[in-house]
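*Asks:* Next come the chains, spelled out residue by residue.
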Amino acid sequence: MESLKEIRKIKPSRVWRENTRRLFLPYKQSYLGLPVFSFTLCSSLLFLFVILNSSLVSLPGEKLYGLKKVLERAQIGLSLGESQKSKLELEFVGRRADELTQLGQKINSAGKEQNVFNITQETFNTFKSAKSQFKEAADRVSSLSERQKREVEKLLTDKARAVNNAVSGLPNNLKSDLVNKLGESLDGLSIDQNEENNSGTTREDIKSSPEENIFRAPTNIKNPHSNSRYQQ
Amino acid sequence: MHFITERLLVAKARRGNPQAFAKLYDAYVDQVYRFILFKVRRQEEAQDVASDTFLKVWRYLQEGGQIDSFKAFVYRVARNLVIDQYRKYHNSATVPLETSENLHAPSLEEDIKTRQELSELIEILFDLKDEWREIIILRYVEGFKISEIASILEKNEGAIRVLIHRAQKALKEKHPNYGEPERNKEN
Numbered sequence: 000m001e002s003l004k005e006i007r008k009i010k011p012s013r014v015w016r017e018n019t020r021r022l023f024l025p026y027k028q029s030y031l032g033l034p035v036f037s038f039t040l041c042s043s044l045l046f047l048f049v050i051l052n053s054s055l056v057s058l059p060g061e062k063l064y065g066l067k068k069v070l071e072r073a074q075i076g077l078s079l080g081e082s083q084k085s086k087l088e089l090e091f092v093g094r095r096a097d098e099l100t101q102l103g104q105k106i107n108s109a110g111k112e113q114n115v116f117n118i119t120q121e122t123f124n125t126f127k128s129a130k131s132q133f134k135e136a137a138d139r140v141s142s143l144s145e146r147q148k149r150e151v152e153k154l155l156t157d158k159a160r161a162v163n164n165a166v167s168g169l170p171n172n173l174k175s176d177l178v179n180k181l182g183e184s185l186d187g188l189s190i191d192q193n194e195e196n197n198s199g200t201t202r203e204d205i206k207s208s209p210e211e212n213i214f215r216a217p218t219n220i221k222n223p224h225s226n227s228r229y230q231q
Numbered sequence: 000m001h002f003i004t005e006r007l008l009v010a011k012a013r014r015g016n017p018q019a020f021a022k023l024y025d026a027y028v029d030q031v032y033r034f035i036l037f038k039v040r041r042q043e044e045a046q047d048v049a050s051d052t053f054l055k056v057w058r059y060l061q062e063g064g065q066i067d068s069f070k071a072f073v074y075r076v077a078r079n080l081v082i083d084q085y086r087k088y089h090n091s092a093t094v095p096l097e098t099s100e101n102l103h104a105p106s107l108e109e110d111i112k113t114r115q116e117l118s119e120l121i122e123i124l125f126d127l128k129d130e131w132r133e134i135i136i137l138r139y140v141e142g143f144k145i146s147e148i149a150s151i152l153e154k155n156e157g158a159i160r161v162l163i164h165r166a167q168k169a170l171k172e173k174h175p176n177y178g179e180p181e182r183n184k185e186n
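Heads up: the sequence lines are chains A and B, in that order.
Take the first sequence: its letter number 146 is residue 145 in numbering that gives the first Met the number 0, and every next letter is one higher.
Take the second sequence: its letter number 120 is residue 119 in numbering that gives the first Met the number 0, and every next letter is one higher.
Read the hints as simulated data drawn from the structure, not as lab findings.
Incorrect hints may have been included.
No farther apart than 27 Å at their CA atoms in a straight line, the calculated lysine-lysine pairs in the DSS-like style are these [to be verified]: (1) K130(A) - K62(A); (2) K144(B) - K4(A); (3) K105(A) - K84(A); (4) K128(B) - K127(A); (5) K10(A) - K22(B); (6) K8(A) - K11(B); (7) K4(A) - K22(B); (8) K8(A) - K168(B); (9) K144(B) - K8(A); (10) K128(B) - K8(A); (11) K8(A) - K22(B); (12) K144(B) - K130(A); (13) K4(A) - K128(B); (14) K4(A) - K168(B).
It should be emphasised that the depicted structure is a prediction, and the values quoted were computed from it without experimental measurement.
Here chain A stands alone, though its shape is the one from the complex:
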């Protein structure tokens, strides 16, 4: 009688099993019991979220940095009004400042010459990006209302200080290279090669008449060579 249990080897075809299953279970169930479409959508959204978050902390030279810049441009493009655009640009200037700080730290701890060269290039590009974004924000100031102007001007000051602080943390040769090769100052406020030789330097300018200084920023930036202390 035991041998009769061999009959259990007879089973229906898998295709028929699945087709019958679909009679009362119309959509395929994933392992977690969720509809496959929803599960795929949730997984994709989670993956996208992780990628986007990773891109926000990426540095120049890293794979996701391009995505970070694309997202920033998209945010600017989608923003409403000049005031919001200026604020966003300045927020991004702040990011460039953070990146400069981190790049400076990378240079200081870099071992190979080639590595330093690449990071230096990235630092240059980041600084240029900061200048460009700062200029964009400053250019819009004149078109804003008085209240908005004051808000943006405060941000201009903060961000200029942030970038200057970041640059001051770079190795001296790189700092002077930045100034010499790129030539122009940031927001009409000069970048110090040597902090001890300050006279009418960035921080003092800010302290003495920040609003007046910044208010002149669009003019200064449009005619950088007339105001820069570091002309080629």
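Fit chain B to the given chain A structure using the hints.
*Replies:* Just chain B now, with coordinates in the frame of chain A:
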């Protein structure tokens, strides 16, 4: 499947949860299919009847039907569906094993050996009349308890024991190699 798990799944299925019913389906589809196959003798008809069986049970649950034992109920439905179409299948003489995918042998040699063994068993079973064959399959192939078989066939346990005894005797008369009758065991 444990009877508590089964009851929980049936309760969920009654509330319209198809995933719960799918688990019940997965647990019983193979044995229900085999049970029907040995009644109708043709694979396609067995598939149709088996599909109809589960669909009918699903609809019954959707309409709020109560089930004490899912296993017994689904077999009863299958059996009744076969009886409804009995005249259609009664004179068919086709041997049910038709395609290779029905067997799950690990190798070709095993597959051939299994087919030969199964062919013998199938012939033996088809030598018996429907009533004996049915009881042999439920008791010795699927391993059902006397109480479960009684529920499926809607007879009392005493009658089932008598049927089992007679089926064993008939089997032994035709094929003496197939074991001794069991004596008053529930399992």
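*Asks:* If a hint holds in the structure, say so; if it does not, say that too.
*Replies:* Verification of the hints:
1. K130(A) - K62(A): 23 Å, holds
2. K144(B) - K4(A): Holds. K144(B) to K4(A) sits at ~15 Å (cutoff 27 Å).
3. K105(A) - K84(A): 31 Å, violated
4. K128(B) - K127(A): Since the Cα atoms of K128(B) and K127(A) sit roughly 93 Å apart, the hinted pair is violated (cutoff 27 Å).
5. K10(A) - K22(B): With Cα atoms ~17 Å apart, K10(A) and K22(B) stay inside 27 Å; holds.
6. K8(A) - K11(B): 31 Å, violated
7. K4(A) - K22(B): Holds: K4(A) and K22(B) sit about 24 Å apart, inside 27 Å.
8. K8(A) - K168(B): 25 Å, holds
9. K144(B) - K8(A): 20 Å, holds
10. K128(B) - K8(A): Judged against 27 Å, a Cα distance of about 23 Å means the pair holds.
11. K8(A) - K22(B): 20 Å, holds
12. K144(B) - K130(A): Status violated; Cα separation ~85 Å.
13. K4(A) - K128(B): Status holds; Cα separation ~19 Å.
14. K4(A) - K168(B): 18 Å, holds
In summary, the structure is inconsistent with hints 3, 4, 6, 12 from the numbered list given earlier, while agreeing with the others.
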